[in-house]
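Visitor: Sequence:
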Amino acid sequence: MRTIPNDERRSRLARRHGFVQPAVSVSALAGQMAGLHSTDPVSVYLSLASRGVVDTPESVDIALYDERSSLRMLGMRRTLFVVPLDLVSAVQRSYTDAFVAKERKRFAGWLEHAEITPDGESHIDRMFGLALSFLEQAGEASTREMNSALPELDQRFVPPVGPKWATPISVGSRVIHRLTASGMAARARPLGTWISSQYRYAPLDRWLGAPIEMLDEQEARNRLARAWLSSFGPGTVTDLKWWTGWTLGHTRRTLEAVGAVEVALGHGPGYVLADDTEPVEPVEPWAGLLPSLDPTSMGWKERDWYFGDHAPRLFDRNGNAGPTVWWDGRVVGGWAQRSDGEIVVEYLEKVGADAKSAVETEVARLVDFLGPTRFTPRFPTPLERHLRTAF
1 MRTIPNDERR SRLARRHGFV QPAVSVSALA GQMAGLHSTD PVSVYLSLAS RGVVDTPESV
61 DIALYDERSS LRMLGMRRTL FVVPLDLVSA VQRSYTDAFV AKERKRFAGW LEHAEITPDG
121 ESHIDRMFGL ALSFLEQAGE ASTREMNSAL PELDQRFVPP VGPKWATPIS VGSRVIHRLT
181 ASGMAARARP LGTWISSQYR YAPLDRWLGA PIEMLDEQEA RNRLARAWLS SFGPGTVTDL
241 KWWTGWTLGH TRRTLEAVGA VEVALGHGPG YVLADDTEPV EPVEPWAGLL PSLDPTSMGW
301 KERDWYFGDH APRLFDRNGN AGPTVWWDGR VVGGWAQRSD GEIVVEYLEK VGADAKSAVE
361 TEVARLVDFL GPTRFTPRFP TPLERHLRTA F
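Numbering (our numbering) for the sequence shown: 1 to 391.
Below, simulated DSBU-like cross-link-like pairs (lysine-lysine); rule was C-alpha separation at most 30 Å, straight line: (1) Lys241 / Lys105; (2) Lys301 / Lys356; (3) Lys301 / Lys241; (4) Lys301 / Lys102; (5) Lys301 / Lys350; (6) Lys102 / Lys241.
In case anyone wonders, no lab produced these hints; they're calculated from the structure.
Keep in mind that this is a model prediction, so the values were computed, not measured.
Start from the sequences, fold in the hints, and give me the full structure.
Guide: This is the structure in structure tokens:
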């Protein structure tokens, strides 16, 4: 059994995550990373910018909304991802379809509890039909436009979960979320700027030119596992189970199905693809300012080999990574943007002058990319919040 030490894991990370050689396009990096986290829309843009793939937000918009070479979709762990088209079916069939089935039952129960209908399942089918017909006629529309045109979708209710004083939501808002999760509608351009998380919607087959490919569930898992191992291998069973949201049984069966090879890591066994066992050459030290929810930060569950003991300050309580400062394959600090646009950095361990100089270069590049845009991460972390508000 070959041993892959942490230094080699960091070299693999650098080479495969676009830090040594930038990816040639938005969809290329999304493919290299098995998807870009998009629950916070800012993450996609800054993940691409930090790797030198794009120089402006407009370049990302062209790829997403004009070329449509990638799709923003609900994926692993109920998280939004930007996924290249050749991985869409693998994500949809290996995880999202099963999640949608569970959520449909819950939504039906909500409608019945709110006394909107005595038959939630049938009501959902009818609302889906109304919403899809409207989108087909409109081409694209926001939830508000759809609700205004279809009063049945504008009915309000409070889900029987969470605080009793929760704000009522519209049936239409839940319907459009379920349509996109089911692969029947696509998120089109945002309603505001590139940092907005509210979108217009379009029929997915019209948006992409074809429906999502039907794929056997196990073959879908195989494709997704190969993509993850190509980018994040070696990884452990725990890593892959967490990243995909699969059961332990599905994870183990899929590793066996793709012929993954066991290797020794510093803390136990890991896995790589059968054609990925050869040593990887070291890389020159590199610096990076990665955004919250960057796919590199979020690629593994067992992160000590690159996060050290800094995770408590750089993750929120739900396991969402905040903005991080990297040097030579390890997290050495965090960063934040203040209200005046200044990017502030705090190191969590000692680094040399060469590292600080490289980080300063990355700060300047980030400032140029952001221009007048000001943003706050959707999932603040202890260090990010401190840096953003401390004066």
